[in-house]
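Asks: What follows is each chain in one-letter form.
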Amino acid sequence: MFWNEEIETMPRQDLEELQLKKLQATVKRAFNKIPYYNKRYTQAEVYPEDIETLKDIEKLPFITKDDLRESYPFGLFAVDIEEIKELHSSSGTTGKPVVSGYTEKDLDTWAETTARGLKMMGLGKADILQNTHGYGMFTGGFGVHYGCHKIGATIIPISTGQTRRQIEIMSDFGTTGLIFTPSYGIHIGEVALEDGINPKDLGIKAIGFGAEMWTEEIRQRVEELFGAKAYNIYGLTELMGPGIGVECGEQNGLHIAEDIYYPEIIDPNTGKVIGSEKSGELVLTNLEREGMPVIRFRTKDLTTLTYEKCSCGRTHARMSRITGRSDDMIKVKGVAIFPSQIEKALLKVGDVEPHYMIIVTRPGTLDEIEVKVEASQDIFFDGVKEMIAIQEKIGKSIENETGIRVKVTLVEPKTLPRFEGKAKRVIDERNLH
Amino acid sequence: MMKMKIKQLSVFLENRKGSLSKPLELLSNNNINIRAMSMADTSEFCILRLVVNDPLKGKEILEENNFLVKVTDIIGVEMNDAPGGLTEVLKVLKDNEIDLEYLYAFTHDKTNKAILLLHTDNLEGLISALQENNIPLVPSSEAYNL
Numbered sequence: 001m002f003w004n005e006e007i008e009t010m011p012r013q014d015l016e017e018l019q020l021k022k023l024q025a026t027v028k029r030a031f032n033k034i035p036y037y038n039k040r041y042t043q044a045e046v047y048p049e050d051i052e053t054l055k056d057i058e059k060l061p062f063i064t065k066d067d068l069r070e071s072y073p074f075g076l077f078a079v080d081i082e083e084i085k086e087l088h089s090s091s092g093t094t095g096k097p098v099v100s101g102y103t104e105k106d107l108d109t110w111a112e113t114t115a116r117g118l119k120m121m122g123l124g125k126a127d128i129l130q131n132t133h134g135y136g137m138f139t140g141g142f143g144v145h146y147g148c149h150k151i152g153a154t155i156i157p158i159s160t161g162q163t164r165r166q167i168e169i170m171s172d173f174g175t176t177g178l179i180f181t182p183s184y185g186i187h188i189g190e191v192a193l194e195d196g197i198n199p200k201d202l203g204i205k206a207i208g209f210g211a212e213m214w215t216e217e218i219r220q221r222v223e224e225l226f227g228a229k230a231y232n233i234y235g236l237t238e239l240m241g242p243g244i245g246v247e248c249g250e251q252n253g254l255h256i257a258e259d260i261y262y263p264e265i266i267d268p269n270t271g272k273v274i275g276s277e278k279s280g281e282l283v284l285t286n287l288e289r290e291g292m293p294v295i296r297f298r299t300k301d302l303t304t305l306t307y308e309k310c311s312c313g314r315t316h317a318r319m320s321r322i323t324g325r326s327d328d329m330i331k332v333k334g335v336a337i338f339p340s341q342i343e344k345a346l347l348k349v350g351d352v353e354p355h356y357m358i359i360v361t362r363p364g365t366l367d368e369i370e371v372k373v374e375a376s377q378d379i380f381f382d383g384v385k386e387m388i389a390i391q392e393k394i395g396k397s398i399e400n401e402t403g404i405r406v407k408v409t410l411v412e413p414k415t416l417p418r419f420e421g422k423a424k425r426v427i428d429e430r431n432l433h
Numbered sequence: 001m002m003k004m005k006i007k008q009l010s011v012f013l014e015n016r017k018g019s020l021s022k023p024l025e026l027l028s029n030n031n032i033n034i035r036a037m038s039m040a041d042t043s044e045f046c047i048l049r050l051v052v053n054d055p056l057k058g059k060e061i062l063e064e065n066n067f068l069v070k071v072t073d074i075i076g077v078e079m080n081d082a083p084g085g086l087t088e089v090l091k092v093l094k095d096n097e098i099d100l101e102y103l104y105a106f107t108h109d110k111t112n113k114a115i116l117l118l119h120t121d122n123l124e125g126l127i128s129a130l131q132e133n134n135i136p137l138v139p140s141s142e143a144y145n146l
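Sequence order for the protein chains is D and H. Note that our numbering numbers the first sequence so that position 26 is 26, with each residue one more than the last. Note that our numbering numbers the second sequence so that position 87 is 87, with each residue one more than the last.
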């Protein structure tokens, strides 16, 4: 099923011509309207008229999360605030969060991409979609919501949590499509089984998931539990939100909406474009965005691109599922966490530079984080009560900083590994790569 | 005046197999004698509390070997090593509303006497309450050289 068959199956040559036209217009607008780009491009001595072919995009400098953060809140907007209809924000990881602004047309473009995705998943007008992604400033909820409106399906904006109510609604409302993070989906399935309800009997046709790292085994588990196919959805707030790439029925890579996002793969160390069929860092460019055009954004997500035509008929490039990060961000329970946040939280409790280690596990279906902290003079007291209070204080401080509850373990001084140069603070035992 | 406050070493240890042996070995290798000892433990960590013959040297040696050590003042009292000996002391604390953090006891060479070590946030209050009730305190010098 297609939402926009003409675009989605466009011969590559035509698609590339379209991309070039849109890229030229985007770069020109950004250069003329946004001081950040004007300054960066002038410094790099590259100007809109230098973009004569798609490959010329490589002349442009990258933009990173740090650049976006420095422009907080509206520094990268190309339009006046009157034109902005909606504001979203990434979960505010290190320091200031990243803001994303959308004009009316941007919201429609966003809906277009998720509409294509929902159609790829086989959903249409007659379907009822239960969206367990959180609503609010996180883009996961609304992105799917708008796409669902566009295809004319019914949306249940239930958000995350209240698992038993989720199951009750699925059964009472006749939900046919589900959106969840894989680990939450497995959790829902297991709770249903505990309550004597077989998730297979709920009549689910398709599942869309994202916002979290997963493996083929996890997908199989979800598909077996619900007796429905599960499709990967990729997106990020900086560029728009979910819908940048979605899997089709072939489940063999995510189709990037290439007329809307221009993908490149680079070597994260050299920044050089390495082309298709090789793993590297995904770089994305908005080709169709009024409010806040983002050009050559380094996603830090590691993936591989293929331009081979898919058996579904779509010609747009496919990306593999994300296999890792080129920085030290970890995603736990769908939330992005940087070790620097943990460090900041620890500094709020003790005065000295803490030594710590983050251990991520998935004992059952849900992620758990343990933060091991070396005890030091300023957090050591001759009383069990005080020590437990310190542990709790550290836990609270980390929760304030990251929004995630962690287990805090105090360990003896000088027992955690020391590193020369860049410290390796995270041990991810979930085997998701 | 005799010093009544005993310097106790509190050592932070993880609650895992073998974690106790290294600090004890270090003390023994350096000729530090342990007079009294107790351990407060949770599922993950413990606080090892020690009275040794030379607290400052003990602290130095442990810290040189990366152990986390705090010196805490505690009080020692002498009580009858007979049924009811402890109750008598505790009654004084209760009557004087002294909130005890922890205590541990051991017997020593003096016939029929046991030593009780006590810690509270209100050490001065504890000392005067005990003295008013004629409960004999153990001077620190005696605790270090029992």
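Mixed in with the good hints there might be a few duds.
What the hints assert, rightly or not - Pairs of lysine-lysine residues, derived as PhoX-like cross-links and limited to a Cα-Cα distance of at most 25 angstroms, are as follows:
(1) D:125 / D:22
(2) H:57 / D:372
(3) D:372 / H:17
(4) D:55 / D:39
(5) D:393 / H:57
(6) H:91 / D:414
(7) D:385 / H:113
(8) H:7 / D:348
(9) D:300 / D:348
(10) H:110 / D:385
(11) D:105 / H:17
(12) H:22 / H:57
(13) D:414 / H:70
(14) D:414 / H:3
(15) D:385 / H:3
(16) H:7 / D:21
(17) H:17 / H:91
(18) D:22 / D:85
(19) D:372 / D:393
(20) H:70 / D:372
(21) D:96 / D:385
(22) D:125 / D:96
(23) H:17 / D:414
(24) D:407 / H:57
(25) H:22 / D:414
Claimed, not checked - Some, not all, of what chain D presents toward chain H, calculated at C-beta under 8 angstroms:
(26) 168
(27) 171
(28) 174
(29) 269
(30) 376
(31) 380
(32) 384
(33) 387
(34) 388
(35) 405
(36) 410
(37) 411
(38) 412
(39) 413
(40) 417
Rather than coming from a laboratory, the hints here were simulated on the basis of the structure. Values in this document were obtained by computation on a predicted structure and should not be read as measured data. For every residue, glycine included, the Cβ atom is placed at its ideal position computed from N, Cα and C.
Asks: Take the hints in turn and mark each one as holding or not.
Replies: Hint check results:
1. D:125 / D:22: violated (31 angstroms)
2. H:57 / D:372: violated (30 angstroms)
3. D:372 / H:17: holds (18 angstroms)
4. D:55 / D:39: holds (22 angstroms)
5. D:393 / H:57: violated (33 angstroms)
6. H:91 / D:414: violated (44 angstroms)
7. D:385 / H:113: The given pair, whose Cα atoms are some 31 angstroms apart, is violated under the 25 angstroms limit.
8. H:7 / D:348: violated (31 angstroms)
9. D:300 / D:348: Violated. Residue 300 of chain D to residue 348 of chain D sits at ~28 angstroms, over the 25 angstroms cutoff.
10. H:110 / D:385: Cα-Cα ~34 angstroms, so violated.
11. D:105 / H:17: Outside the cut-off at roughly 64 angstroms; violated.
12. H:22 / H:57: holds (16 angstroms)
13. D:414 / H:70: holds (17 angstroms)
14. D:414 / H:3: violated (35 angstroms)
15. D:385 / H:3: violated (28 angstroms)
16. H:7 / D:21: Not OK: residue 7 of chain H and residue 21 of chain D at ~80 angstroms, beyond 25 angstroms, violated.
17. H:17 / H:91: Violated: residue 17 of chain H and residue 91 of chain H sit about 38 angstroms apart, past 25 angstroms.
18. D:22 / D:85: holds (22 angstroms)
19. D:372 / D:393: Holds, because 14 angstroms separates the two Cα atoms, which is no more than 25 angstroms.
20. H:70 / D:372: holds (21 angstroms)
21. D:96 / D:385: violated (35 angstroms)
22. D:125 / D:96: Distance ~40 angstroms between residue 125 of chain D and residue 96 of chain D Cα, so the pair is violated.
23. H:17 / D:414: holds (18 angstroms)
24. D:407 / H:57: Given pair residue 407 of chain D, residue 57 of chain H is violated - Cα atoms ~36 angstroms apart, limit 25 angstroms.
25. H:22 / D:414: Holds, because 14 angstroms separates the two Cα atoms, which is no more than 25 angstroms.
26. 168: Violated, because the Cβ-Cβ distance from residue 168 of chain D to chain H comes to roughly 37 angstroms (cut-off 8 angstroms).
27. 171: violated (41 angstroms)
28. 174: violated (47 angstroms)
29. 269: Where the cut-off is 8 angstroms and the nearest Cβ of chain H is about 36 angstroms from residue 269 of chain D, the hint is violated.
30. 376: holds (7 angstroms)
31. 380: holds (5 angstroms)
32. 384: holds (5 angstroms)
33. 387: At about 7 angstroms, which falls below the 8 angstroms cut-off, the nearest Cβ of chain H leaves the hint on residue 387 of chain D intact, so it holds.
34. 388: holds (7 angstroms)
35. 405: Since chain H brings no Cβ nearer than about 17 angstroms to residue 405 of chain D, farther than 8 angstroms, the hint is violated.
36. 410: With a closest approach of 6 angstroms, the residue 410 of chain D hint holds.
37. 411: holds (6 angstroms)
38. 412: holds (5 angstroms)
39. 413: holds (5 angstroms)
40. 417: Since the shortest Cβ distance to chain H is 14 angstroms, the answer is violated.
In summary, the numbered hints that this structure violates are 1, 2, 5, 6, 7, 8, 9, 10, 11, 14, 15, 16, 17, 21, 22, 24, 26, 27, 28, 29, 35 and 40.
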